[in-house]
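Participant: In case you want the letters, here they are:
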Amino acid sequence: MESDTTQTKLELEKSHRRWRMIKDRIFGWAMAVGGISVIITIVMIFFYLFYVVLPIFGSASTTPLVRYEAPFKGATIAHLALDEYAEIGFVITADGEYAFFAANDGTTINQGKVSNGTGRSVVAIAAGDPVQRSVTIAFDDRTAIVVRPDYAISYPNDKRHITPTLEYPFGKTPVDLGEASGKILLLAAQSQDDEATIVSVTDANVVSLTHVTLTESFLGDEPAVTTTHTALPNIEYDISDLLIDVEQRELYVASAQGQISYFNISDKQHPRLTYLVNVLSNDHRLTSLKYLSGGISILVGDSSGAISQWFPVRDDNNNYTIQKVRSFTPFTAGVSIVVPEYFRKGFVAADEAGNFALMHTTAGRILATDRIATNSLQALAISPRADALLFLTDSGELEKRSVHNEHPEISWNSIWGKVWYESRAEPEYIWQSSSASGDFEPKFSLTPLTFGTLKAALYAMLFAIPLAILGAIYTAYFMTPKMRNFVKPSVEVMAALPTVILGFLAGLWLAPFVEQYLVGVILAFVFIPLSFVVTSFLVDKLPAGVSSYFRNGWEAAALLPVVCFGIWLCVTLSLPIETAFFDGSLPAWLSENFGISYDQRNSLVVGIAIGFAVIPTIFSISEDAVFGVPGHLTTGSLALGATSWQTMIGVVILTASPGIFSAVMIGLGRAVGETMIVLMATGNTPIMDINIFEGFRALSANIAVEMPESEVNSTHFRVLFLAALVLFMVTFAVNTVAEIVRQRLRVKYSNL
Amino acid sequence: MKSIESINKWVGSGSPWVWLSAGMVSLNLVMVFGLLFLISVRGLGHFWPAAIESVELREKDGSTTSLLGNFVEDEIVSAARVRGTGSTVPEDMEFVRRYLIKVGNRDVSGADFVWVNETDITSREIPLDSFMAERDEWGNFYGNLISVKLDGEIIASGATAWGAMQDGIARKTQIRRQIKGIEKDQIGKINYAMERLRLRTKRLELDGVEAGARIDKIAAERLSLEKRYEALNGSLSELYKELGRYSITAATVAGQQVELPVSKIVRAIHPNQMSMFEKIRYYFAKMWEFVSEDPREANTEGGVFPAIFGTVLLVMLMSVFVTPFGVIAAVYLREYAHQGLLTRTIRIAVNNLAGVPSIVYGVFGLGFFVYFLGGNIDQLFFPESLPAPTFGTPGILWSALTLAILTVPVVIVSTEEGLTRIPRAIREGSLALGATKAETLWRTVLPMATPAMMTGLILSIARAAGEVAPLMMVGVVKLAPSLPMDGNFPFLHVDRKFMHLGFHIYDVGFQSPNVEAARPLVYATAFLLVVLIVALNIAAIRIRNRLRESYKAGDG
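Residue numbers (our numbering), protein chains in the order written: chain A, 10 to 761; chain B, 319 to 874.
In case anyone wonders, no lab produced these hints; they're calculated from the structure. You may find that some hints are simply not true.
Said to hold, decoys possible - The calculated lysine to any residue pairs, modelled on SDA-like cross-linking and capped at a C-alpha distance of 25 Å, are:
#1 B/K502 / B/P579
#2 B/K755 / A/A39
#3 A/K333 / A/Q266
#4 A/K550 / B/S324
#5 A/K497 / B/E735
#6 B/K755 / B/L660
#7 A/K168 / B/P701
#8 B/K755 / A/I31
#9 B/K327 / A/A39
#10 A/K497 / B/W335
Because the structure is a prediction, the values reported are computed rather than measured.
Isolated chain A, as found in the complex (with noise of 0.2 Å):
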């Protein structure tokens, strides 16, 4: 019996140091796993910031879908467009014979031919611009007729069904092109709404523009159409192409030697000749000639296979001359193909060899090159999302390929380097991330911005270093420790005061205050450091009884009367000073006299904000490191004769200066990164100039500003996750220096 009991008893006891064990056990492995968890989760936060910045530095690429024999095989084709989706081809022939098909095997949709109806042979075809998507069909009786491909997209049963046709917006009857001699050779033509302008040049070398208006009449029946004819001045040199832009105000006419004039068509009935430039040198040949999206730029391809971009850029008298850009050599065979985006400043280009080249202007990029044929392509098209491409080889066959190129505009270069931005003088560093125009080029520099965000911290450096520093040197080492005991606390109230209430009050109130009292401050930051000498000076002179009792580490409060009045004397004194100086008002002086601007809330109120908000960081961390300096070596310098002063330049500072140094790291890494404040006291505008009385855009600022207007994804959502992956890298770098600084001395410390 009890013998049992004493089995039960060790059976349970047995059970239960089991369980314990168990216990122990389960106990360390949650801690691992949440511990683990917790810390992969604090890293993670570095990977998914370059998670989502990596994609902007990719490349493009582009995958076979499926090739298939093209409509209309055997004929030379003048014209090939995708549709928005990239489902529906759209081909016109040289004939004028077009056909819609299914870009995924070919079915050919419907077809049909342009025709005069006079039996006349089509003679020249000319695009318009893409997104107007209008073709211009000209036939040997000098008549032509425009057409455009529409697409009327309907859901039955919830699915997209794209039906296409073929219009004619300005009206089935061909318009009259005007008399000239010759035979039409080249064609070039723009329509848009109810405008359409074509320019023809005959074998004789004769330019003639013709203007097409429609105009809707008051009774409803069919619109008007109205034409002028205007013959452009004789040209020198063999026309070899012909370009207008979507707006129909600018003509570029070259030859294949690369000669190009340039016409101001605004008014149709006087085309003027602005001016004339050569774009190749050597002996190339001029292959292509086409807008980029947006009808700024001009592409030139050459039989060299550069493609150059070149854009109207105005000089120093007020004249515009286009310029060469950039330029890019993809191939080493000619450029057969130049095709432009839809929207974004990219653009496809093919070679005499069978290679294509995806491009970005802005980037400078050329993002992906493949081949795709053994000989000159006949045509390429590509659809308006830039998500495909349609490419026809001369033996008659069309690939369709899908394009993966999400970011172009980014590369290295147009995020930190100057940028040649399209009507820009010059290259530049620009930060202007949207606009209301759909082609508008982004410009995404983060130059200025983190120009702006080191202009912040360099004065808020220069504000809070002496005032912390100096400040903990004498906290730690001068004042009496009852004194300590308050001004510790204060600084830890100071320490835990919001950054919004400082950036409100900087934005609201400082910058009022510093643009009124502008003298004053200024003044005051000399000022009042000398006023602190000169109480030294004062007490010196007194009596020994009376000084010995401000010394004795009770000197900062004895200067709490003397920095108020200070304060008090500055500001009274500010008024007179710029009325007897600076005829009243001194921002309004310096910018007459200096040329300097005057932004109210300026890089001055910043710097004080922010250096308010550092100076707790850096005075608790350089009081750490200054009063951690072991007291023998105090001591020692001091009965070796030293005064306290020179222990403390010869002794204290010297141990303590890493220390110090890591304070100021730390400090430096807080001011790189405020936000509120940046944001709330300065005007926010990305520009780059040193003055303190300017305002500028720091990356912090422009993340919260815009991040939550941007487009999930987008390249202005990437780059602003690279704005917050450099700020993360810059603090992280900084923090890790002075954190290693600060463990190597309390090493040393404990080695003394």
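Once you have looked at the hints, place chain B on chain A.
Facilitator: Just chain B now, kept in the frame of chain A:
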């Protein structure tokens, strides 16, 4: 000669440098307390009923105009600057004092603040009869009361008008409360239930259920809700009719007669007749309104209760996440992980994360929590409300998590420090008595480290309460339609957006169309936020000290 020597001696003693560095401490102190003083004075002064003054001004053409309002601010500017704005200032003057007067009546005169040069003022007095009415829209009204109307009939004028108006306002306040009760609580509940019914129907549709008992039940429920809604709507429209009955006629200082519906008046006072006691009562009433009411007029008037609520709830949610995870990570790092190079590196990395800018965490929160996690949660659990996102949009949960990640390094570092300080002897003692490692940790080490954990939590709360930048991306809004906690199941709606004191300061101070009018309120909000943060800090420090004391007692 002697003086140079003494100066040399003075410089040699280092005394100027000591005093210079002492001065830096004084300057820091002056800045901190000056700032606190500024916020307190401006923030607390906002509620005091300022005297209404009437001013006569001489215009350029010799005529006079009168203004009625509160003097808000004055400043001295150089005469040149004033002349530059087109005002005339006597030739011999170099400086001009000018006043900012809040004249209200935005609906009558357009601008509610006017700058006035002292030189233009011909007389300045304090009229006893003038009153100020706070309104629901168009800001304050300043003028003299003429009569009170009920249903268009004058019921009181002259001396009795004031009492009649106050009665009208009291009645209006009562009706407003009823309306609010119906609109917010009852109709709000019905709307919420309707929305849930809609989602349930959608859910059934997605599951392929097209008819059946469940659908019929939903239809029946919807019908009964609609009936209740109709009934409530009827009583609402009656209340609204009742509300519109009173109106007052008042004259502006320019003599223009204005008719104001009492339904738009929040309260009316004539501060020039008020006794000190009344003023104090008014002061505290205004203060109470500030902390307990909803904001009015695009956040420039009224209270900040939703912002206080949002801030506190956010910090509480964050603490729930940050404490266990921070402590577990610290315990793992200190007690379980192998103390090698890797652990040391992780420790430095964690330490440094505390210095990473908060905006970076905001970006991470938006990308990872909101779009990635939230988007996937919506796909999995809330397909019925798509494309309207439930969790795939900024909200208080994501804000709390973002702040938790932001502050978890603080808790880890501080807890680790606490664990390091516990003497080995205590651990060894416990192990020697046969306790397992888990038991040692749970029973002795962790309790002893509680003060350190509390310190970490306090520090993280203090940081989180003042953080605004990341919240702007992950959930804060200028005006939230409903609080994230209410009487509808599940009571705590962590997917909702919320208001926040810090963001309120930024938004009202910088995004508001009428910054001048909003400024006092921003100071008051800033004061409140400072008080909140200091109070949190102090409370936490108290707790920490008490814990420290109790464990010290335990040692002995």
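Participant: Does each hint fit the structure? Answer for all of them.
Facilitator: Going through the hints against the structure:
1. B/K502 / B/P579: holds (23 Å)
2. B/K755 / A/A39: Between B/K755 and A/A39 the Cα gap is close to 13 Å, so the pair holds against 25 Å.
3. A/K333 / A/Q266: Measuring from Cα to Cα gives roughly 16 Å; hence the hint holds.
4. A/K550 / B/S324: holds (10 Å)
5. A/K497 / B/E735: Satisfied, since the Cα-Cα distance of roughly 21 Å is no more than 25 Å.
6. B/K755 / B/L660: OK: B/K755 and B/L660 at ~23 Å, within 25 Å.
7. A/K168 / B/P701: Holds, at roughly 21 Å.
8. B/K755 / A/I31: holds (11 Å)
9. B/K327 / A/A39: Violated, because 68 Å separates the two Cα atoms, which is more than 25 Å.
10. A/K497 / B/W335: This hinted pair holds, its Cα atoms lying about 21 Å apart.
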